[in-house]
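Got chain A; can you put chain B on it based on the hints?
In the order they appear, the protein sequences are chains A and B. Sequence positions in the first sequence follow the working numbering and run 713 to 951. Sequence positions in the second sequence follow the working numbering and run 100 to 298.
FYI, nobody ran anything at the bench for these hints, they're computed from the structure. From the three backbone atoms N, C-alpha and C, an ideal C-beta is built for every residue, glycine too. Be a bit skeptical, because a hint or two may be false.
Derived Cβ-Cβ restraints for the label pairs, each shown as a range [said to hold, decoys possible]: (1) S872(A) to D132(B): 44 to 54 Å; (2) E917(A) to G295(B): 48 to 58 Å; (3) R774(A) to G245(B): 27 to 37 Å; (4) R925(A) to R242(B): 48 to 58 Å; (5) Q786(A) to E249(B): 38 to 48 Å; (6) P771(A) to L276(B): 37 to 47 Å; (7) A775(A) to T274(B): 44 to 54 Å; (8) D899(A) to G295(B): 54 to 64 Å.
Partial selection, computed: residues in chain A whose CB lies under 8 Å from chain B [what the hints assert, rightly or not]: (9) V729; (10) R752; (11) A758; (12) P884; (13) A885.
Some chain B residues close to chain A (C-beta under 8 Å, calculated; not the full set) [what the hints assert, rightly or not]: (14) I144; (15) V150; (16) E163; (17) Y265; (18) R291.
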Amino acid sequence: MNADVHALTGAYVLDAVSDAERAEFERHLRECEACAQEVRELRETATRLGRAAAVVPPPELRAAVLERVGQVRQDPPQAAVVPLRRRNTAWATRVTGAAAAVLLVVASVLGVLLVQARGSVDDAEARAAAIATILSADDARISNQGDEEGGQMTVLSSRSVDRALLLADNLPAPPAGHDYQAWTIDDQAAHPAGLLPEGGDAVLEVDDLGGARMVGITIEPDGGSAEPSTAPIMEFDLA
Amino acid sequence: MGDRVRRPRDAGREAQEPEPDGAELLQRVARGDEAAFVELYDLLIGPLFGVIRRVVRDPAQSEEVAQEVMVELWRSAARYSPERGSAMTWAMTVAHRRAVDRVRSAQAAADREENVGRRQLSRPFDEVSEQVATRLEQEQVRRCLGTLTELQRESVVLAYYGGRSYREVGELLDTPLGTIKTRLRDGLIRLRDCLGVAS
Chain A
713 MNADVHALTG
723 AYVLDAVSDA
733 ERAEFERHLR
743 ECEACAQEVR
753 ELRETATRLG
763 RAAAVVPPPE
773 LRAAVLERVG
783 QVRQDPPQAA
793 VVPLRRRNTA
803 WATRVTGAAA
813 AVLLVVASVL
823 GVLLVQARGS
833 VDDAEARAAA
843 IATILSADDA
853 RISNQGDEEG
863 GQMTVLSSRS
873 VDRALLLADN
883 LPAPPAGHDY
893 QAWTIDDQAA
903 HPAGLLPEGG
913 DAVLEVDDLG
923 GARMVGITIE
933 PDGGSAEPST
943 APIMEFDLA
Chain B
100 MGDRVRRPRD
110 AGREAQEPEP
120 DGAELLQRVA
130 RGDEAAFVEL
140 YDLLIGPLFG
150 VIRRVVRDPA
160 QSEEVAQEVM
170 VELWRSAARY
180 SPERGSAMTW
190 AMTVAHRRAV
200 DRVRSAQAAA
210 DREENVGRRQ
220 LSRPFDEVSE
230 QVATRLEQEQ
240 VRRCLGTLTE
250 LQRESVVLAY
260 YGGRSYREVG
270 ELLDTPLGTI
280 KTRLRDGLIR
290 LRDCLGVAS
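So that you can see chain A by itself, here it is in the shape it has in the complex:
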């Protein structure tokens, strides 16, 4: 095993690494059972440090959490989304030839996900059609970003179709009183491109890409903002 990477187990367990280092270490973990075992033990150890710091939480927190939980849909069991899961990765690719065929399979998987997500076959069929339209374009592009807990966002886009589809999968809920807002970003400014519907597996269609270089996602107060008030949490090149 790579001694230098292996030395990161402590820093990794303590969340003291950068995002890039975390991604690299997690790749390493998948191939190193000894490291995975050490991580499990050191996590239990860190938990003991945590338990020793336990305090009485503010009483109103409980009611606030229970109220929100009543409104949040739960994720399906993991197996249902495994085919799409990339951990802590960011990737993008031009869609050409054989790759397009592969992506049609991806699209059908997304269709399945969408049925689960929305409980409506009609919706899912409309989405699948939109996905197919974008993927069949010569300049189709697919980008993906994800976090460690498995939340991710996939963006399908095509300039010639002038449309992008933002597909969230297991995305964590935004902070209370906030929404995820999408933006098309060109050289001059960021233009509002809609709010991501609530729920971790939401879909947002963005028409009229204009001269946008990228699509960005920010966290905005409920209802969205006229211009971004925070730095983007995700950016996707439309190249």
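Then chain B, alone, in the frame of chain A:
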């Protein structure tokens, strides 16, 4: 949440009662059992909030993060598998990570100056008044932290309770990064052995 919700357990007696099994609760929560979630909340919130409060420090932001974490546990309960560790550890991992993300993204520079970081070193537990950790738990951790070298202890405390990256730890302690990495690992391993953690 309807009348299935059980009454909150008496917080004062909680420490003496046998803890409900977190893994079993999580499996019930994964099936949408809201009553199980209430029990899980009561089981986890003290330690989770303690850690979040230590890392985030600002009380209002700590509450926001704690809320996000509990909702995340509800949402992703189906992803928990007991083979990967206890429910408490799974939850604590999510909580610590979220708390660290919050302070890093906020870059709340003003209150995260060097002197604040240094102050954390001397008093890992005394900062917040209403402790619920049992004295035994605290004593064990305090004693085991005492078995670490000074550099190991300072590194682990700054990283875990202070939410610092190992780069920040290196700067705060004026120590090369490679040394900090190994001290964090060696320190945790020594704590693991002292606390008798087995997986």
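Structure-based check of all given hints:
1. S872(A) to D132(B): 44 to 54 Å: Holds: the Cβ-Cβ distance is about 49 Å, inside 44 to 54 Å.
2. E917(A) to G295(B): 48 to 58 Å: holds, 55 Å
3. R774(A) to G245(B): 27 to 37 Å: holds, 35 Å
4. R925(A) to R242(B): 48 to 58 Å: With Cβ atoms ~57 Å apart, the hint holds.
5. Q786(A) to E249(B): 38 to 48 Å: holds, 46 Å
6. P771(A) to L276(B): 37 to 47 Å: holds, 43 Å
7. A775(A) to T274(B): 44 to 54 Å: At 45 Å between Cβs, range holds.
8. D899(A) to G295(B): 54 to 64 Å: holds, 60 Å
9. V729: Holds: closest Cβ of chain B sits about 7 Å from V729(A), inside 8 Å.
10. R752: At about 5 Å, which falls below the 8 Å cut-off, the nearest Cβ of chain B leaves the hint on R752(A) intact, so it holds.
11. A758: Nearest chain B Cβ about 6 Å off; hint holds.
12. P884: OK, holds: P884(A) within 8 Å of chain B, min 6 Å.
13. A885: Cβ of A885(A) sits 6 Å from chain B, so the hint holds.
14. I144: Since the shortest Cβ distance to chain A is 5 Å, the answer is holds.
15. V150: This hint holds: V150(B) lies near chain A, its Cβ roughly 4 Å from the closest one there, short of 8 Å.
16. E163: Check passed: Cβ of E163(B) comes within 6 Å of chain A, closer than 8 Å.
17. Y265: holds, 4 Å
18. R291: Result: holds, 4 Å to nearest chain A Cβ.
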